[in-house]
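Given the sequences, and given the hints that come with them, work out the whole structure.
For the sequence shown, this note's numbering assigns the number 607 to the initial residue and increments by one for each residue that follows.
It cannot be assumed that every hint is accurate.
[Said to hold, decoys possible] Listed next, with one range per pair, are the computed distances between beta-carbon atoms: (1) Asp670 to Gln800: 40 to 50 Å; (2) Lys666 to Ile740: 45 to 55 Å; (3) Thr733 to Gln800: 34 to 44 Å; (4) Lys686 to Val632: 22 to 32 Å; (5) Glu633 to Thr799: 40 to 50 Å; (6) Asn704 to Lys802: 52 to 62 Å.
[Unchecked claim] Think about it this way: if two alpha-carbon atoms lie no more than 35 Å apart in a straight line, the pair counts; the simulated DSBU-like pairs of lysine-lysine are: (7) Lys666 to Lys642; (8) Lys642 to Lys686; (9) Lys709 to Lys679; (10) Lys802 to Lys653; (11) Lys738 to Lys668; (12) Lys686 to Lys609; (13) Lys709 to Lys729; (14) Lys686 to Lys717; (15) Lys718 to Lys735; (16) Lys718 to Lys609; (17) Lys662 to Lys642; (18) Lys679 to Lys738; (19) Lys679 to Lys666; (20) Lys709 to Lys617; (21) Lys802 to Lys717; (22) Lys662 to Lys686; (23) Lys718 to Lys699; (24) Lys738 to Lys717; (25) Lys653 to Lys738; (26) Lys717 to Lys668; (27) Lys662 to Lys738; (28) Lys699 to Lys666; (29) Lys609 to Lys735; (30) Lys662 to Lys709; (31) Lys679 to Lys653; (32) Lys738 to Lys642; (33) Lys666 to Lys718; (34) Lys662 to Lys735; (35) Lys742 to Lys802; (36) Lys699 to Lys729; (37) Lys802 to Lys699; (38) Lys699 to Lys662.
Hint data in this document are derived by calculation from the structure and do not stem from the laboratory.
Quick reminder that beta carbons are idealized off the backbone N, C-alpha and C, glycines included.
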Amino acid sequence: MIKVALVGAGKMGVSHLSILGAHPDVEMVGVCDTSKIVTNFLERYSKMDCYADFTKMLDKAKPDAVFVAVPTKFHHQIIKIALERNIHVFAEKPFCLNTAEGKELVDLAAKKGLVNQVGYHNKFVGTFKEVKRIIKSGMLGDVYHFVAESYGPVVTKPKQNSWRSKPEEGGGCLMDYASHVIDLVNDIISPITQVKGAT
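What follows is the structure in C-alpha cells.
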C-alpha cells in the first residue's frame, strides 16, 4: 500500500483525489489546501485528514508520495521540500516557471533516486504510443517537420483573476496547454534540433 498525500484540492486536485481514492494500492493519508471551505467539506464527507500547512501534513501524515496540484508558481518550493524529505512527487503541469527551477528539482530527484513525474499523460495514450512506435521504427523516414495546435478556454475565455491566464504564474496557452504538445513531440521525435514559431 502506497501512502499518498495531495497538495491543492482545486479542479485538478479533486480529479486526482477521486482516482487515487479508488485505487486499491493507495492509501490517502492527507489533503492540504488553503481553502477552509474545501478542507471542511472533505473532512466532513470523506473523513480525510486535511491540513492548511504543507509541512505539518508531511510531518503528521508521513506520505510515501505527494501529488502537487497547486498553481505552478508554488511548485518549486513544495516539490523541493518533498524531495528533500525523500518523498516521491507527481506534479501537475507545467512543472516549474523556468528551466533553472526545473533542473534543480530534476537533479535533486535523480540524486535521491526518487520519482519526479509531471502530469503529461498524452504519451501514455495508446494512439500516441503507436505513433511513436511507427516513427522510431524508421518506417516513415526522418521527421523534419511537425505541426501541432492546442486550444483551451484560457485563450477563448481568459479569466483575469486566475493564474491560468498569467504566463508569469504558469498560465497562458503556451504553459498551460501547448506544454502537452511540446512534451508529446519531445517524447515521439526526440532529439529535437530546431524549433520555430509564429503567432
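Hints, one by one, checked against the model:
no.	hint	verdict
1	Asp670 to Gln800: 40 to 50 Å	41 Å, holds
2	Lys666 to Ile740: 45 to 55 Å	49 Å, holds
3	Thr733 to Gln800: 34 to 44 Å	26 Å, violated
4	Lys686 to Val632: 22 to 32 Å	24 Å, holds
5	Glu633 to Thr799: 40 to 50 Å	45 Å, holds
6	Asn704 to Lys802: 52 to 62 Å	21 Å, violated
7	Lys666 to Lys642	19 Å, holds
8	Lys642 to Lys686	25 Å, holds
9	Lys709 to Lys679	15 Å, holds
10	Lys802 to Lys653	50 Å, violated
11	Lys738 to Lys668	38 Å, violated
12	Lys686 to Lys609	19 Å, holds
13	Lys709 to Lys729	21 Å, holds
14	Lys686 to Lys717	13 Å, holds
15	Lys718 to Lys735	29 Å, holds
16	Lys718 to Lys609	19 Å, holds
17	Lys662 to Lys642	16 Å, holds
18	Lys679 to Lys738	32 Å, holds
19	Lys679 to Lys666	25 Å, holds
20	Lys709 to Lys617	27 Å, holds
21	Lys802 to Lys717	34 Å, holds
22	Lys662 to Lys686	15 Å, holds
23	Lys718 to Lys699	22 Å, holds
24	Lys738 to Lys717	29 Å, holds
25	Lys653 to Lys738	43 Å, violated
26	Lys717 to Lys668	21 Å, holds
27	Lys662 to Lys738	43 Å, violated
28	Lys699 to Lys666	27 Å, holds
29	Lys609 to Lys735	30 Å, holds
30	Lys662 to Lys709	27 Å, holds
31	Lys679 to Lys653	30 Å, holds
32	Lys738 to Lys642	45 Å, violated
33	Lys666 to Lys718	22 Å, holds
34	Lys662 to Lys735	40 Å, violated
35	Lys742 to Lys802	23 Å, holds
36	Lys699 to Lys729	14 Å, holds
37	Lys802 to Lys699	22 Å, holds
38	Lys699 to Lys662	24 Å, holds
Taken one by one, the earlier hints fail for this structure at numbers 3, 6, 10, 11, 25, 27, 32, 34, listed in ascending order.
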